[in-house]
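The listed protein sequences correspond, in order, to chains A and B. Under the working numbering, the first sequence is numbered contiguously, ending at residue 250. Under the working numbering, the second sequence is numbered contiguously, ending at residue 562.
The set of hints was computed from the structure by calculation and includes no laboratory data. If you're wondering where the values come from, they're calculated on a predicted model, not measured in any experiment. Glycine is no exception: its CB is placed at the ideal position from the N, C-alpha and C atoms. Keep in mind that the hints are not guaranteed to be accurate.
[Claimed, not checked] Footprint (simulated), chain B over chain A, 3 or more residues, beta carbon under 8 Å:
#1 26-36
#2 46-59
#3 85-97
#4 107-114
#5 240-250
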Amino acid sequence: MKVLVPVKRVVDFNVKVRVKPDGSGVDTANVKMSMNPFDEIAVEEAVRLKEKGLATELVAVSCGIAACQETLRTALALGVDRAILVETDAELQPLAVAKLLKAIAVKEQPQLVIMGKQAIDDDANQTGQMLAALLDWPQATFASKIELAASEATVKREIDGGLETIAVKLPAVVTADLRLNEPRYATLPNIMKAKKKPLDVVKPDTLGVDVAPRLVTLKVVEPPKRKGGGRVADAKELVAKLRSEAKVIP
Amino acid sequence: MTILVIAEHDKAALKSATQHVVGAAQRIGGDIHVLVAGHEASAVARTASNIAGVAKVLHADAAHLASPTAEAIGALVVELAGAYSHILLPATSFGKDAAPRIAGLLDVAQVSDVIAVESPDTFVRPIYAGNAFATVQSKDAKKVLTVRATAFDAAAVNGGAGLVEPVAAPPERDRARVIGQELTKSDRPELTNARIVISGGRGLQKGENFKLLEALADKLNAALGASRAAVDAGFVPNDYQVGQTGKIVAPDLYIAVGISGAIQHLAGMKDSKVIVAINKDPEAPIFQIADYGLVGDLFEIVPQLTAELSKT
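All chains should be built: construct the whole structure from the sequences, respecting the hints.
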């Protein structure tokens, strides 16, 4: 079974982003970029499926600028077999990415697409569901466990009230939540090997996809600052202050 | 301009998030309809029809909507979508699952996690774990939004038009089915809804020690939450998680116990009215946003706090 793993290049989760003074966006120049952490979990899951003999070929795909090749090399170093970059300098929004991924999926015919549930830059949490809609495939979002059979995946999902188990017929789209697995680190020999694995580059127009944004970002601002830093000496003072000053407890 | 709000419910009762979404719909303006999709959920449909400002409830009843999949909700909403300018869902696990499926089927962009309505086509949403707020304008004819419940007042359940109209659901497609749910049972207030929330972090050291927080929560009638670290460590189930990818809460009082204050945790609670932090590390980032910081050993302080609250 072929598994497609879309990955996104994002500002590293440890970086504290700064809003640009002109309000046009967030400053991403000269900051560390990494694979979106939820996509790392998706890659790990795909690699484990291959190690268990349930998947035969793993294909990673990323959409964006040429530097996304680094993200794809990371996926290759983690155990993915080959990679595809849909290269464009255009701003890509989730719907456009879903359309690009659909075009790739139609070509590659995977039985399963595994991807992160959301990217930690735009926090949209949309692309997987949109891809499933466009392909007319069932979806299983927020997965914390995946059991794969020949024609069906049984997925434990993290929902607001606890957990839900859903069975989806293949082909299907699954999005990974935090506790699906703990991703491995790429080893040096595997990083070297990854450099020799195939990485194809295609352009959105050869896929016949219009990636024009549908949302216009009018401005980006810093959230209102919270004035914190107040201290109390002990439990007694805390309770007294919560009662008389903050008035949040009786 | 007519807005369709997709209700979230558990068959017995409407989830309060739905009322907040109606609150957001009122900010957009126009007629508001609510879709209740379920099986034998007519009580929910009646409740929804009583929400202030709701002109009409569309009630789809079918066996396969009892535990609806995003696929079933998507197919249903797309059939109804023609009449609507906006389709709104709560930014809960239900809404996050279904909304992009609807948007994808309609070929429109989605605006996720709306925290303010500037105009019928312009909305504010957090990005980068709430470290920036983006104002975005949708150029699509139809707008699909998920709404952050804590950012909008709940519309009251009274004064609605009381009108319920049945609608047919498209047939089941037998490709996705819900096998079961394991829901955390609790007598405490719901985390996203509670006036007081007490959350524990890695500092609790083990799951058993959450009992300390339970005793305090009992005194305050508070909900219990946790940081991602505590959930990852297996101290408590996933539905306790407060943060960027967990639940977003904004109670009157948030008490963070043994939580250092990672960015992704702050994203889930920094809109709380009053924040208390208890941590033994005086340098913990949580203190920078706390109104009342208490440096010390939580294993001593929490029981003292519980005892102090018992005094009248």
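Now the hints, each set against the structure:
| no. | hint | verdict |
| --- | --- | --- |
| 1 | 26-36 | violated (count 1) |
| 2 | 46-59 | violated (count 0) |
| 3 | 85-97 | holds (count 3) |
| 4 | 107-114 | violated (count 0) |
| 5 | 240-250 | holds (count 5) |
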